[in-house]
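Colleague: Single-letter residue listing:
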Amino acid sequence: MVIMRYILRYLVLSAGVLISGTLPAYSQTCCSGGVPLSGNIGFEGARRGTLQMEVSYDLNYLATLKTGAEIYEDGTRQRTTQSLLLKAGYSINDWFAIDALFSYVFQERKITFDEEINQVRTSGLGDAVLMAKFILLSMAETGSEVQLGIGPKLPLGRSDLTNNQGITLNADLQPGSGSWDAISWGYFARQLGRRPTMVASLRVVGRLNGVNKDYLGSQTYKFGNSVQLYAGIGDQLVWGNQVFAPSLSIRYRYAGGDQISGQLLENTGGQWINILPALSWHVGPNSILHVIPEIPLYSQVGGTQLTPSFRLQIGFYHSFGRINKNKSKIYQL
Amino acid sequence: MKQNLLVGVLCSTMLLQGCEDEPFSSGNSSSSGSKNQESWAIPLDEVFDGGPGKDGIPALTEPESIPAGDADYLSDEDLVIGFVVGDEARAYPHHILDWHEIINDHVTGVNISVTYCPLTGTGIGWNREVNGTVTTFGVSGLLYNSNLIPYDRSTNSNWSQIRLDCVNGELKGTEVETFPLVETTWKTWKEMYPSTRVVSTNTGYNRSYGRYPYGGYRTEHDLLIFPVSNMDDRLPNKERVHGILFQGSVRIYTFKDFGDGVTVINDNLQGGNVVVTGSEKDNFIVSFLNDPGDGTTLSFSPVEDRYPIVMTDEEGNMWDVFGRAVTGPRTGSQLRPISSFMGYWFSFATFYPDLSIYGDS
Numbered sequence: 354m355v356i357m358r359y360i361l362r363y364l365v366l367s368a369g370v371l372i373s374g375t376l377p378a379y380s381q382t383c384c385s386g387g388v389p390l391s392g393n394i395g396f397e398g399a400r401r402g403t404l405q406m407e408v409s410y411d412l413n414y415l416a417t418l419k420t421g422a423e424i425y426e427d428g429t430r431q432r433t434t435q436s437l438l439l440k441a442g443y444s445i446n447d448w449f450a451i452d453a454l455f456s457y458v459f460q461e462r463k464i465t466f467d468e469e470i471n472q473v474r475t476s477g478l479g480d481a482v483l484m485a486k487f488i489l490l491s492m493a494e495t496g497s498e499v500q501l502g503i504g505p506k507l508p509l510g511r512s513d514l515t516n517n518q519g520i521t522l523n524a525d526l527q528p529g530s531g532s533w534d535a536i537s538w539g540y541f542a543r544q545l546g547r548r549p550t551m552v553a554s555l556r557v558v559g560r561l562n563g564v565n566k567d568y569l570g571s572q573t574y575k576f577g578n579s580v581q582l583y584a585g586i587g588d589q590l591v592w593g594n595q596v597f598a599p600s601l602s603i604r605y606r607y608a609g610g611d612q613i614s615g616q617l618l619e620n621t622g623g624q625w626i627n628i629l630p631a632l633s634w635h636v637g638p639n640s641i642l643h644v645i646p647e648i649p650l651y652s653q654v655g656g657t658q659l660t661p662s663f664r665l666q667i668g669f670y671h672s673f674g675r676i677n678k679n680k681s682k683i684y685q686l
Numbered sequence: 045m046k047q048n049l050l051v052g053v054l055c056s057t058m059l060l061q062g063c064e065d066e067p068f069s070s071g072n073s074s075s076s077g078s079k080n081q082e083s084w085a086i087p088l089d090e091v092f093d094g095g096p097g098k099d100g101i102p103a104l105t106e107p108e109s110i111p112a113g114d115a116d117y118l119s120d121e122d123l124v125i126g127f128v129v130g131d132e133a134r135a136y137p138h139h140i141l142d143w144h145e146i147i148n149d150h151v152t153g154v155n156i157s158v159t160y161c162p163l164t165g166t167g168i169g170w171n172r173e174v175n176g177t178v179t180t181f182g183v184s185g186l187l188y189n190s191n192l193i194p195y196d197r198s199t200n201s202n203w204s205q206i207r208l209d210c211v212n213g214e215l216k217g218t219e220v221e222t223f224p225l226v227e228t229t230w231k232t233w234k235e236m237y238p239s240t241r242v243v244s245t246n247t248g249y250n251r252s253y254g255r256y257p258y259g260g261y262r263t264e265h266d267l268l269i270f271p272v273s274n275m276d277d278r279l280p281n282k283e284r285v286h287g288i289l290f291q292g293s294v295r296i297y298t299f300k301d302f303g304d305g306v307t308v309i310n311d312n313l314q315g316g317n318v319v320v321t322g323s324e325k326d327n328f329i330v331s332f333l334n335d336p337g338d339g340t341t342l343s344f345s346p347v348e349d350r351y352p353i354v355m356t357d358e359e360g361n362m363w364d365v366f367g368r369a370v371t372g373p374r375t376g377s378q379l380r381p382i383s384s385f386m387g388y389w390f391s392f393a394t395f396y397p398d399l400s401i402y403g404d405s
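Chains as they are written, first to last, in this note's numbering: chain F, 354 to 686; chain H, 45 to 405.
Warning: the hint list may mix true and false statements.
[Stated by the list, open to error] Below 25 Å or equal to it, Euclidean Cα-Cα: the simulated SDA-like pairs (lysine to any residue) are:
no.: 1; chain 1: F; residue 1: Lys566; chain 2: H; residue 2: Asp266
no.: 2; chain 1: F; residue 1: Lys419; chain 2: H; residue 2: Asn246
no.: 3; chain 1: F; residue 1: Lys566; chain 2: H; residue 2: Asn274
no.: 4; chain 1: F; residue 1: Lys419; chain 2: H; residue 2: Lys300
no.: 5; chain 1: F; residue 1: Lys463; chain 2: H; residue 2: Asp116
no.: 6; chain 1: F; residue 1: Lys419; chain 2: H; residue 2: Thr105
no.: 7; chain 1: F; residue 1: Lys419; chain 2: H; residue 2: Lys231
no.: 8; chain 1: H; residue 1: Lys300; chain 2: H; residue 2: Asp277
no.: 9; chain 1: F; residue 1: Lys463; chain 2: H; residue 2: Asp277
no.: 10; chain 1: F; residue 1: Lys463; chain 2: H; residue 2: Pro162
no.: 11; chain 1: H; residue 1: Lys282; chain 2: F; residue 2: Ser571
no.: 12; chain 1: H; residue 1: Lys282; chain 2: F; residue 2: Gln616
no.: 13; chain 1: F; residue 1: Lys419; chain 2: H; residue 2: Asp209
no.: 14; chain 1: F; residue 1: Lys419; chain 2: H; residue 2: Arg255
no.: 15; chain 1: H; residue 1: Lys282; chain 2: F; residue 2: Gln572
no.: 16; chain 1: F; residue 1: Lys463; chain 2: H; residue 2: Gly95
no.: 17; chain 1: H; residue 1: Lys282; chain 2: F; residue 2: Leu617
no.: 18; chain 1: F; residue 1: Lys566; chain 2: H; residue 2: Tyr261
no.: 19; chain 1: F; residue 1: Lys566; chain 2: H; residue 2: Lys231
no.: 20; chain 1: H; residue 1: Lys231; chain 2: H; residue 2: Asp116
no.: 21; chain 1: F; residue 1: Lys419; chain 2: H; residue 2: Asn200
no.: 22; chain 1: H; residue 1: Lys282; chain 2: F; residue 2: Leu507
no.: 23; chain 1: H; residue 1: Lys231; chain 2: H; residue 2: Pro352
no.: 24; chain 1: F; residue 1: Lys419; chain 2: H; residue 2: Gly254
no.: 25; chain 1: F; residue 1: Lys419; chain 2: F; residue 2: Gln616
no.: 26; chain 1: F; residue 1: Lys463; chain 2: H; residue 2: Asn200
Treat the hints as calculated values from the structure; they're not laboratory data.
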């Protein structure tokens with residue numbers, strides 16, 4: 354009941370933030386090819402003085418052309434975003450922690466026409482996220498975990514990169530969005546039944562995007578706001594003397610349309626539902642290696658868009674300090 | 045030990061991402077626009093990447109055409125761009141052009157590229173025989189003042205659709221030779237040319253041709269997706285107008301200048317006599333130099349209900365919507381073409397800030 358109360362409060366708070374700040378409320382299509390920041394922020398709870406770090410590689414491959422929910426057979430366009438992510442979290446005490454996420458981004462647009470290939474590639478430091486987290490319930494003490502967090506997305510990445518002729522590229526090929534954004538985050542997990550290693554979790558991430566006031570020199574650009582919901586279940590299994598933790602999550606993401614100079618852009622925004630069958634390997638007492646493929650189940654895009662076909666994340670986690678031995682990580686994108 | 049090995053493998057995987065064959069074109073380097081400016085005839089900082097990339101919007105080449113009666117995907121009010129060579133009439137619907145922007149075609153011996161920019165609403169017929177070489181044009185993915193930059197596949201040079209010249213590459217400075225086109229509704233076009241053929245939706249690409257891909261863009265006057273160098277609030281940005289480019293001067297004609305029937309305007313621009321004819325109800329405006337080829341200036345008056353004939357003159361000639369004399373003593377002659385086309389008001393105002401509006405004091 355306590356958990357449910359927290360969950361309801363958080364959902365009401367998040368909805369309030371999104372609705373009040375967004376009129377008109379739209380969200381970030383570029384994210385479908387963009388840098389996976391908001392989906393990666395936030396560690397699970399740890400004891401006071403624990404430093405958690407994770408480095409990961411994220412591949413987002415987009416080659417599915419859709420109008421609404423309809424797929425167009427078209428093999429001419431491909432977009433890939435590869436991100437190197439460095440995440441760090443420090444637990445100041447048992448109920449408060451600071452998390453940070455930094456990114457370095459490689460993007461590619463590839464068009465194949467009459468057997469000719471045209472490619473544009475960009476790379477650079479991406480944006481970063483800082484987040485203050487409040488641990489309201491601890492898994493070790495209650496069998497349930499509740500965390501709420503809020504923080505800014507810092508526009509560290511450039512949003513004015515040019516191609517090799519010096520022509521400014523558009524927003525979805527830039528490593529940064531050029532705007533300060535607000536991210537709210539909630540994580541709820543509970544051990545299931547008599548298996549302390551089996552955990553069900555729910556994660557909600559809301560992103561309220563600011564405005565890039567210097568887009569293409571004289572315009573403004575605002576990526577639409579978004580909300581993501583992850584629901585998953587995971588367990589730990591022992592094979593030989595190795596500990597593995599398989600998990601299965603469903604991700605729902607809603608993104609509204611982008612705006613240029615306050616005007617809604619067609620062919621942006623949408624809804625996506627993906628499935629994430631993940632596997633982590635406890636390679637040491639404080640270290641975990643994880644692999645998370647992400648497979649699209651359903652999407653309904655605004656207008657016509659190239660939308661993700663496949664996604665993969667490989668990461669390495671290490672904790673400097675004691676971690677909960679019974680913890681089963683359900684990794685998130 | 046096991047941990048160190050894993051960290052090493054992971055880091056190596058990441059480093060490999062930065063070591064691919066082709067260098068990243070922009071990377072962390074600052075803009076190289078200044079050093080490339082000299083290769084462009086237009087300000088490079090006003091050229092933008094449109095998003096889909098080069099050929100990301102695929103131009104069509106000699107697409108399948110069908111008889112008008114088979115074009116179930118068109119309704120009477122849909123806009124088409126019409127072209128006629130001899131007795132062969134061809135319609136290029138906006139429904140197709142919105143998704144492909146360029147159609148390279150071959151009509152009765154004439155090599156034409158119908159270029160259409162959905163963001164500026166400009167449809168212009170280009171001769172795709174350039175310096176004696178027949179080429180095809182593709183969509184470069186670049187925009188100048190929100191307007192299409194086609195590229196030719198023979199030399200990879202970039203051209204400006206509204207400027208009507210090559211702005212970058214081997215052919216820089218070469219001017220475009222245009223063909224007269226008529227933009228009107230499918231209903232009017234069929235009435236003018238009942239035996240017309242029209243581009244089929246069987247283009248080889250899977251697109252929803254009945255759906256306009258830019259949402260409310262053509263009616264939301266404040267929505268411009270890319271920056272433009274000049275704005276002029278005398279008319280709403282997206283109002284469809286007819287512009288004549290002559291001797292460095294530009295004059296705009298609006299549908300309000302024309303009645304429900306055919307209206308003829310005899311006008312003078314930079315010392316040149318022009319004749320402009322059209323109908324607001326039937327949704328077309330066309331223009332020509334008032335010169336049938338021998339220097340004579342004729343006095344035109346409208347002809348009703350005889351499409352494609354729209355004008356007559358004091359000699360008793362009947363002239364069609366492409367400026368061709370179809371009956372009378374000058375049968376077979378043609379009014380000298382003039383650079384003119386339909387487009388959104390803002391696009392003319394951007395490219396030609398000193399333009400005038402017909403009837404404006």
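Colleague: Against each hint, give a clear statement of whether it holds in the structure.
Modeller: Hint-by-hint comparison with the structure:
no.	hint	result
1	F:Lys566 to H:Asp266	holds (17 Å)
2	F:Lys419 to H:Asn246	holds (18 Å)
3	F:Lys566 to H:Asn274	holds (20 Å)
4	F:Lys419 to H:Lys300	violated (40 Å)
5	F:Lys463 to H:Asp116	violated (35 Å)
6	F:Lys419 to H:Thr105	holds (24 Å)
7	F:Lys419 to H:Lys231	violated (32 Å)
8	H:Lys300 to H:Asp277	holds (17 Å)
9	F:Lys463 to H:Asp277	violated (39 Å)
10	F:Lys463 to H:Pro162	holds (23 Å)
11	H:Lys282 to F:Ser571	holds (20 Å)
12	H:Lys282 to F:Gln616	holds (15 Å)
13	F:Lys419 to H:Asp209	violated (35 Å)
14	F:Lys419 to H:Arg255	holds (13 Å)
15	H:Lys282 to F:Gln572	holds (19 Å)
16	F:Lys463 to H:Gly95	holds (12 Å)
17	H:Lys282 to F:Leu617	holds (16 Å)
18	F:Lys566 to H:Tyr261	holds (22 Å)
19	F:Lys566 to H:Lys231	violated (45 Å)
20	H:Lys231 to H:Asp116	holds (13 Å)
21	F:Lys419 to H:Asn200	violated (30 Å)
22	H:Lys282 to F:Leu507	violated (37 Å)
23	H:Lys231 to H:Pro352	holds (13 Å)
24	F:Lys419 to H:Gly254	holds (15 Å)
25	F:Lys419 to F:Gln616	holds (23 Å)
26	F:Lys463 to H:Asn200	holds (18 Å)
Of the numbered hints stated above, those contradicted by the structure are hints 4, 5, 7, 9, 13, 19, 21 and 22, listed in ascending order.
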